[in-house]
Amino acid sequence: MRLALLAKKEDLRNALKEFSRKGIALMIFEDPDEFLDELEREGHFFDLFLVDLDLFESLSDMEYALSDVLNFLSSKDIPIVALVSEKEWSFAFLAEDNLFKDFLVKPISSEELFLRVRRLLRKGSSSFKDERVIRCGDLMIDMERYKVILRGRFIPLTFKEYELLKLLITNRGRVFTREELLNKVWGYDYYGGSRTVDTHISRLRNKLGDYDHKYIQTVRNIGYKFSDEEE
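If you read the sequence shown in the working numbering, its first letter stands for residue -15, the second for the next number, and so on.
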């Protein structure tokens, strides 16, 4: 699970620690451009975007500052949650606009923030689902952008490594022989031996840090499968 939060970092240091202890990647950005730069540079994908409306002086200020961010989030169907305090304009905006999935009233403790966010994600899991994005624990494949993200970080793969991983993860639990993998990924006219598959699996595991074969499992004397255990 990966969350992006637009807020002042000094106000939310405890939240950052709390989410980290829970195994959730929370990235805090202090301005919209910083968030967009990070997306472009690292290819991060987020399950939820939180924004502290206290960063802005007025509704028009917020709309101007967040226009590019909101367009991006809308295009990716990433839900947005607002953090609000006593500012009257923020409550008036929330009452009339359907942009935000929900809002949380400050002050809010780190533990309460974690619980509310987790509940929101569970409640809306079906509506948040994007068939172009495949998730398995900390691992995510964005098939629209041909990107693999692990714990919020972009993993550079060759085309064959990517196709091999995509084939395995979209057929979780199914055992593929080396010959099947050769035919499906390299094509029937490929004359290389099954050792090619072993080499690419080894490289793929190294790039994913999959040293204990948590993701890609070897089926002795047959081939490979992607783990079908629930994360």
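Warning: the hint list may mix true and false statements.
[Unchecked claim] Okay, derived cross-link-like pairs now, DMTMM-like style, lysine to aspartate or glutamate, Cα gap no bigger than 25 Å in a straight line:
hint: 1; residue 1: K(-7); residue 2: D126
hint: 2; residue 1: K1; residue 2: D15
hint: 3; residue 1: K6; residue 2: E213
hint: 4; residue 1: K1; residue 2: D122
hint: 5; residue 1: K1; residue 2: E14
hint: 6; residue 1: K6; residue 2: D122
[Said to hold, decoys possible] Pairwise CB distance ranges (calculated):
hint: 7; residue 1: K(-7); residue 2: G177; range: 51 to 61 Å
hint: 8; residue 1: E47; residue 2: K90; range: 14 to 24 Å
hint: 9; residue 1: K6; residue 2: K168; range: 36 to 46 Å
hint: 10; residue 1: E18; residue 2: S178; range: 46 to 56 Å
hint: 11; residue 1: S58; residue 2: D15; range: 17 to 27 Å
hint: 12; residue 1: Y48; residue 2: V203; range: 29 to 39 Å
hint: 13; residue 1: T183; residue 2: N(-2); range: 38 to 48 Å
hint: 14; residue 1: Y130; residue 2: R102; range: 51 to 61 Å
hint: 15; residue 1: Y130; residue 2: E47; range: 12 to 22 Å
hint: 16; residue 1: Y48; residue 2: H197; range: 41 to 51 Å
Calculated directly from the structure, the hints in this document are not laboratory data. On a predicted model such as this, the values are computed, not experimentally measured, just so you know. Glycine included, each C-beta is placed from N, C-alpha and C at the ideal position.
Hints, one by one, checked against the model:
1. K(-7) / D126: Distance ~29 Å between K(-7) and D126 Cα, so the pair is violated.
2. K1 / D15: Roughly 21 Å between the alpha carbons, so the hint for K1 and D15 holds.
3. K6 / E213: Satisfied, since the Cα-Cα distance of roughly 20 Å is no more than 25 Å.
4. K1 / D122: 18 Å, holds
5. K1 / E14: Holds: K1 and E14 sit about 17 Å apart, inside 25 Å.
6. K6 / D122: Holds. K6 to D122 sits at ~13 Å (cutoff 25 Å).
7. K(-7) / G177: 51 to 61 Å: 53 Å, holds
8. E47 / K90: 14 to 24 Å: 21 Å, holds
9. K6 / K168: 36 to 46 Å: Cβ of K6 to Cβ of K168: about 38 Å, so the range 36 to 46 Å holds.
10. E18 / S178: 46 to 56 Å: 47 Å, holds
11. S58 / D15: 17 to 27 Å: 19 Å, holds
12. Y48 / V203: 29 to 39 Å: 56 Å, violated
13. T183 / N(-2): 38 to 48 Å: 46 Å, holds
14. Y130 / R102: 51 to 61 Å: With Cβ atoms ~30 Å apart, the hint is violated.
15. Y130 / E47: 12 to 22 Å: 33 Å, violated
16. Y48 / H197: 41 to 51 Å: This hint holds: roughly 50 Å between Cβ atoms.
Violated hints, in rising order: 1, 12, 14, 15; the structure is consistent with all others.
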